[in-house]
Amino acid sequence: MPHKLSSTMGVSRARLSMPGTRDWLSDEIKARLRPNQTITLNRLGSNLNNFGHYTEQLAASMAIGELLLQSAGDIIRVFPAWPQGRNAAFTKLRAQGGFLVSAEQGDHRGVKVEITSTVGGKLRVLNPWTGRIDEWITQAGDRVECRP
Numbered sequence: 001m002p003h004k005l006s007s008t009m010g011v012s013r014a015r016l017s018m019p020g021t022r023d024w025l026s027d028e029i030k031a032r033l034r035p036n037q038t039i040t041l042n043r044l045g046s047n048l049n050n051f052g053h054y055t056e057q058l059a060a061s062m063a064i065g066e067l068l069l070q071s072a073g074d075i076i077r078v079f080p081a082w083p084q085g086r087n088a089a090f091t092k093l094r095a096q097g098g099f100l101v102s103a104e105q106g107d108h109r110g111v112k113v114e115i116t117s118t119v120g121g122k123l124r125v126l127n128p129w130t131g132r133i134d135e136w137i138t139q140a141g142d143r144v145e146c147r148p
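Note that the sequence shown covers residues 1 to 148 in the numbering used here.
Hints are computed from structural coordinates only; laboratory data are not their basis.
Below, computed lysine-lysine pairings styled on DSBU-like, alpha-carbon distance capped at 35 angstroms:
id, residue 1, residue 2
1, K92, K112
2, K30, K92
3, K92, K122
4, K122, K112
5, K30, K112
Here are the computed distance ranges between Cβ atoms for each label pair:
id, residue 1, residue 2, range
6, S26, T130, 25 to 33 angstroms
7, N36, K122, 43 to 51 angstroms
8, N127, T38, 37 to 45 angstroms
9, G65, D134, 20 to 28 angstroms
10, M62, N87, 18 to 26 angstroms
11, I137, L33, 39 to 47 angstroms
12, D134, S12, 23 to 31 angstroms
13, W136, A31, 39 to 47 angstroms
14, T118, N36, 29 to 37 angstroms
15, R34, E145, 38 to 46 angstroms
Backbone N, C-alpha and C define an ideal beta-carbon position, used for all residues, glycine too.
Let the sequences and hints guide you as you build the complete structure.
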């Protein structure tokens, strides 16, 4: 049976914070990348489908998102499965509760985190420096910066 990229394998690995997930996902995407920049279901280069698989495009983008930001159980986690010391940044990814999250990690230092509330409510963030959950009550339009 061909080695298939499961639609949830990358997401599961990220949610479990498995070491090497970013590199594993990068290798899987590169192995399946077609000349038209779509991703095929298997690594064997079958002529069955020359245009990529829709589910694999979604699986790859969702897995990358999970490496950068997770929001489950009303707690936002920033760079939960991204390798420490490896530069990364994102802007305005949407999190549970109507929050827009922007963050930056680089130079083997901590992260910069800015969160904007779009609807107001309780904001809970796993602080990447202390490992504790910080909480704020927000109004629509409030911006919160998390710092060490």
